[in-house]
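J.: Given chain A, work out where chain B should sit, using these hints.
Protein chains: 2
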Amino acid sequence: MTDIRNAPVGVFDSGVGGLTVAREIMRNLPSEKIVYFGDTARVPYGSKSKETITRYSRQIIRFLMEQDVKAIVIACNTASAFALETVRHEFPLPIIGVIRAGAEVAAAGTRNKRVGVIGTEGTIGSGIHEELLHSLDPDIQVFGKACPLFCPLVEEGWTHDPLTREVASRYLKELQDKDIDTLILGCTHYPLLRSTIREIMGESVRLVNPAYETALELKRLLEKEDLCSRETREEEFPYRFYVSDLAEKFKQFANSILPYDVEMTQKIDIERYYSQPKEGGTDG
Amino acid sequence: MTDIRNAPVGVFDSGVGGLTVAREIMRNLPSEKIVYFGDTARVPYGSKSKETITRYSRQIIRFLMEQDVKAIVIACNTASAFALETVRHEFPLPIIGVIRAGAEVAAAGTRNKRVGVIGTEGTIGSGIHEELLHSLDPDIQVFGKACPLFCPLVEEGWTHDPLTREVASRYLKELQDKDIDTLILGCTHYPLLRSTIREIMGESVRLVNPAYETALELKRLLEKEDLCSRETREEEFPYRFYVSDLAEKFKQFANSILPYDVEMTQKIDIERYYSQPKEGGTDG
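Taken in sequence, the protein lines are chains A and B.
Each residue of the first sequence is one higher than the one before, counting from 0 in numbering that gives the first Met the number 0.
Each residue of the second sequence is one higher than the one before, counting from 0 in numbering that gives the first Met the number 0.
In isolation and in its complexed conformation, chain A is listed as follows:
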């Protein structure tokens, strides 16, 4: 009989961004196996609606459950903002997102109670960081700013580039005037722009990387639920990567940012996990 504690953790994102979360899990929970799914056929999520993102998230969770995962990390801020509260009641395994852990660290760390958040249009428009931060400390003022060009610039590979710096200084200008002491990097691509953002915001602003904080939250969750792996990660079980499109391109990007070589990336048909919308607007 297999021990569920030795099952893999499922991690998913709209594409490559969530690899920054997978990377932190690899570093901080080295015994855990990972099954990663990147929805590269429907990327990006940041400009799409709550209803659509929730439907996509359900399809992906069904796929990951077929891979016998013991827990799921939604490694995408937009999907965490739009879908987590709905889907975590619908499926019989623990599901966490990337937003709560970062918000907790920001709330605990801010001295002047002025916190900035940058992310996609979907994440910022959802107001979820504000809601979470207020539930932790009603005195915190939250300043959100959508940065829609950051993801395509990262995917173009222009992470250290004067042009990206100019886009960043334009986006971040209004946050510079707000006297924030903490800035949440509210999109999984943004840690790859960390040095540029650091340079513009200055040393006095603490940058919160939710990818790292989420890996620690996952660790606490697995300990609490007695789900920590009892094996060291076997050489025979590589980290497994699935995508909905362009497996080879994904693998190249993954190899450029992960500490381990990605040996296997497989394309699957995610729309196979579609089901008709039910009365009442959900599609179960």
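One thing to keep in mind: the hints can contain errors.
Where chains are identical, the list cannot tell them apart; a pair therefore holds if satisfied intra-copy or between any two copies.
Stated by the list, open to error - With a straight-line Cα cutoff of 30 Å, these simulated DSS-like cross-link-like pairs (lysine-lysine) come out: (1) LYS112 - LYS177; (2) LYS49 - LYS266; (3) LYS144 - LYS266; (4) LYS177 - LYS49; (5) LYS248 - LYS172; (6) LYS177 - LYS248; (7) LYS49 - LYS248; (8) LYS250 - LYS49.
Worth flagging that the hints you see were computed from the coordinates, not collected in a lab.
The structure displayed is predicted, hence computed values, not measured ones.
T.: Just chain B now, with coordinates in the frame of chain A:
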């Protein structure tokens, strides 16, 4: 009994870009009704694979046929490059893309037989412009350049902006050195950057706008097939717009570039038109 000649033309794109094609049809074929579909839930197409884009195109064609269209214009270069040759044999109505008409005008107009093409990664990677231009004139040399940031810049609204000019001059630099006399704007967003591209490439390079050429090709097709509308466009039949996500945002963008007010934009569930892949790799 209804006259099929008075049926609407179906026009589709991955999102808003195809509106530049719809606009040219409105201007040049004022009696024709239009049903437009923008796949805003799965935009962009330019970074996705041939197989995925072909599957999406089939779903959309099934939807448009339900709207009783008499002909279809694939108003998206990536879908024209990847899907047109396959789908036009699968469905019982005329289907045209946006690539052929522009290629014909470029081939007829170039004096030094050196033609540039800019587009998405998918369109440029497909090599379809080169293939078509060579079939028209084997002596033409074709220089392609993918410009993946142009679409997000247009969608950010930064069409007349020093930053966009800098991105454009970086992308276009290698074409400036190629002594081309003709440049095909191989993505439906790019006519919105026309003045910037004109400024960088200079007056001596002819810019070919396939949106305009495609409207003329549609006109010739409808005449040849005896499908031209016999009615003037009725006030009661507005141009109809459907999207797979974010209808309100689409409507705002549409109203900023179309000569008529968009009164109705309706969201539909495009994945309902999914069917299981058949043996042999197609999903019919």
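J.: Next, verify each hint and record whether it holds.
T.: Quick rundown of the hints versus the structure:
1. LYS112 - LYS177: So LYS112 and LYS177 pass the 30 Å test inside one copy only (11 Å; across, 56 Å).
2. LYS49 - LYS266: both (25 Å within a copy, 14 Å between copies)
3. LYS144 - LYS266: between (34 Å within a copy, 27 Å between copies)
4. LYS177 - LYS49: within (29 Å within a copy, 46 Å between copies)
5. LYS248 - LYS172: between (34 Å within a copy, 25 Å between copies)
6. LYS177 - LYS248: For LYS177 and LYS248, only the inter-copy Cα distance (29 Å) is at most 30 Å; the intra-copy one is 39 Å.
7. LYS49 - LYS248: both (28 Å within a copy, 14 Å between copies)
8. LYS250 - LYS49: For LYS250 and LYS49, the Cα distance is within 30 Å both inside one copy (29 Å) and across copies (18 Å).
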